[in-house]
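Participant: Just so you know, we're using the numbering used here here: the sequence shown kicks off at 87 and counts up by one.
One thing to keep in mind: the hints can contain errors.
Claimed, not checked - Calculated cross-link-like contacts (lysine-lysine; reagent style BS3-like; alpha-carbon spacing at most 27 Å):
1) K467 with K506
2) K101 with K277
3) K525 with K697
4) K99 with K224
5) K506 with K558
What the hints assert, rightly or not - Okay, the calculated beta carbon distance ranges per label pair:
6) F326 with L299: 16 to 26 Å
7) Q501 with E401: 39 to 49 Å
8) P659 with E401: 21 to 31 Å
9) L299 with D212: 55 to 65 Å
10) H647 with Q405: 16 to 26 Å
11) T695 with L574: 20 to 30 Å
12) P356 with E401: 51 to 61 Å
13) R563 with M542: 16 to 26 Å
14) L124 with R234: 43 to 53 Å
15) L536 with K424: 21 to 31 Å
16) L574 with K421: 27 to 37 Å
17) K683 with M542: 33 to 43 Å
18) K424 with E687: 24 to 34 Å
19) S290 with S108: 30 to 40 Å
Calculated from the structure, these hints are not laboratory results. All residues carry an ideal CB built from backbone N, CA and C; glycine is no exception.
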Amino acid sequence: MKLEEEKVYGAFKQKFFHWFLSYDDYENFSNVITELLLLLKQELMIKQAAFFVFDPLNKSFYPEAITKSEESHSPFCHQILPDNIKAMVDDEQQTIQIHEDEKYITAQIFLRLSEELIGMLQLVYDRQLFISRKLLKKIKQDFSTLFRKFRMISQGLSDEKRYEQLHRFAAKIHSSMKIDDVLEEIINTLKQVYPSFTYHLLLSHDNQHHGHLPIKPLVFDESGENMAAMQAFLTGRIQFEDSISLRRSVLYAPIKGAQGIYGVIEIMAPYIMEFPKREINFISLLANTAGSALENAKLYEQSRRLIADLQLINETIHQLNANLRLQDAIEFMVKQIKQSFCADEVGFFWFEGRKRKLLPGSTPFFQSCKSKKYIEFVEKKMKTEKDIVFVGDAKIHASLSVPVYHSLMAAPMVQNGELKGVTIVLHREPYHFTFEMFKLLQSLIQHSTLAFTNAMLREELEKHVVTDYLTKLYTRRYLDEQIKTSMLHDEFGTFILVDIDNFKQVNDTYGHQIGDHVLVQVANIIRSNIRASDIGARWGGEELAVYLPKVSLAVGISIAHRLAEKVRKETHPPVTISCGISYWKKNRPEEAKDLFKRADEALYAAKRTGKNCIFVKDYVRQYKV
């Protein structure tokens, strides 16, 4: 190296020393190298200085830092095969390559910055400016050391900043007890640390979909395309997937907690063949921190959900044990299930032998024929396959005219080991119900089945107490109580006393068994021709009674005519009836016994005048209708 070159290079190193003391932006490696090359260009009076990094994916160098030239000359770089580049860097004779054209000389100085990283310093200068190979070797020696140290400083500062971000990330997500917040913070941290990378969170199916976050379901793909992600999830170890054709490298980091693996972070890095070890370590720490926080948030939400579920079960059982009527109990349970699970339809079915009975209070959908296929689907699995019924995307109905419900849960109603019935819950959207919801439904139904059974038994017992054994009409006592209640709260009502004509003759002719059968026939005609709010009762012997609350006398007479006509036509052996009718109004205070007395007098008049007729006794007179 000539004396003049030594002076020029010495001046460069002196200025570099002053620059080094004043420069403070060492975090960005490309910016540091650019500043260094600008200083080298200025002091050595060269046209252009550039630094390239070898890309094994493309088998060529890509520019890391370039100084701008006053002339329209761009640095060039020969394509070099990977097999040759390693040998070239290790061979001292080949580490400096010089290329000439008519105007410029280009010196390419190859540098090994680390085991996996190879760089090239390229200097372009005029042919008149002589730079000896000795000076180029000195530049190679110095710049190899400088680039390595700058890279170490840059990486150190970058790591320090990133680990500060990791510390803030850990503090923030561990202070949050919401799964949504944890997932969002994972994405935000990835954006800050790797702004040029593409990433997704691959989560198991029981997570709700978050539309604004890059989240995908983690599912097994039989084609093997998602195998690396599944391997990371199953083994708990980082997996890699490199693609030369797509020019990218993909890393899958398991989101791992102490009790399990909750998903996988997918990071796609373009233009690199392999992730550096330091990046793998950092991503692994980030994923483990995220897994720990996600686990804590899940456990917290599970505990809250468990407390809420226990409160729901406790409140439900408390309400059901308050001696509710069966329909009231079913309506209450339907309301609870719809609120707790956001269900669209809820149906309760009771099995009586081989028959299926829809319990009152179920949603209207189950009262229609449209529900038939859903019920048959559940019954088949319950009775034949002895299987639980929890379907995320049921394909039961294909008809557009029928509402399609994709999500289905069915909980058996079991008592003393015997299947008593089933509860079916539906929702239109697929995968709406989670398995936790299904377990809660099972618990609710398990605790409520006894209450339903007790309500049925209680109502059956009440029915026997207030129902005549033979005719299944209400008893005289129940009729009296209901009329008294009606006279307190209603404005008017009509009472019909019915007697089967010549009933003794029927008994004498056909026997008492046929006589009872005739009595039952007349009772059935009465029951089928009055409203649910009306009361049909056995008055005594062959006498029956009908009370019509809030029904006028004219309508009462019409009903009596209809009963008489149907009895005459539909009984076998044929019989007729006589009726005595009375009525009351609010403006004429009286007691039930007065109503009975007038009806009895009207019936006596009907029997005395030839039977098979209807008499009315009002407040003033008695007459035949």
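Participant: Between H647 and Q405, is the Cβ distance one that fits in 16 to 26 Å?
Facilitator: Because 47 Å falls outside the window, the suggested range is violated.
Participant: Quick one, are K101 and K277 close enough, alpha carbons at most 27 Å?
Facilitator: Cα-Cα ~38 Å, so violated.
Participant: Should the hint that T695 and L574 are 20 to 30 Å apart at their CB atoms be regarded as holding?
Facilitator: Cβ of T695 to Cβ of L574: about 35 Å, so the range 20 to 30 Å is violated.
Participant: Decide if the proposed pair is consistent with the structure: K525 and K697, CA atoms, cutoff 27 Å inclusive.
Facilitator: The hint is violated at about 66 Å.
Participant: Taking the CB of K424 and the CB of E687, does the distance hold inside 24 to 34 Å?
Facilitator: Check failed, 55 Å falls outside 24 to 34 Å.
Participant: Do the beta carbons of L574 and K421 sit within 27 to 37 Å of each other?
Facilitator: holds (31 Å)
Participant: Using the Cβ atoms, figure out if F326 sits within 16 to 26 Å of L299.
Facilitator: About 24 Å separates the Cβ atoms of F326 and L299, which means 16 to 26 Å holds.
Participant: Starting from the hint 55 to 65 Å, judge whether the C-beta atoms of L299 and D212 obey it.
Facilitator: Holds, since L299 and D212 (Cβ atoms, about 56 Å apart) stay within the stated range.
Participant: Does K506 lie within 27 Å of K467 when you go C-alpha to C-alpha?
Facilitator: holds (15 Å)
Participant: Take the C-beta atom of K683 and the C-beta atom of M542, compute their distance, and say whether it sits inside 33 to 43 Å.
Facilitator: Given a distance of about 39 Å, which is inside 33 to 43 Å, the answer is holds.
Participant: Is the gap between the beta carbons of P659 and E401 within 21 to 31 Å?
Facilitator: violated (58 Å)
Participant: Between S290 and S108, does the C-beta distance stay in 30 to 40 Å?
Facilitator: Because 54 Å falls outside the window, the suggested range is violated.
In the structure shown, a violation is registered for the earlier hints numbered 2, 3, 7, 8, 10, 11, 14, 18, 19, in ascending order.
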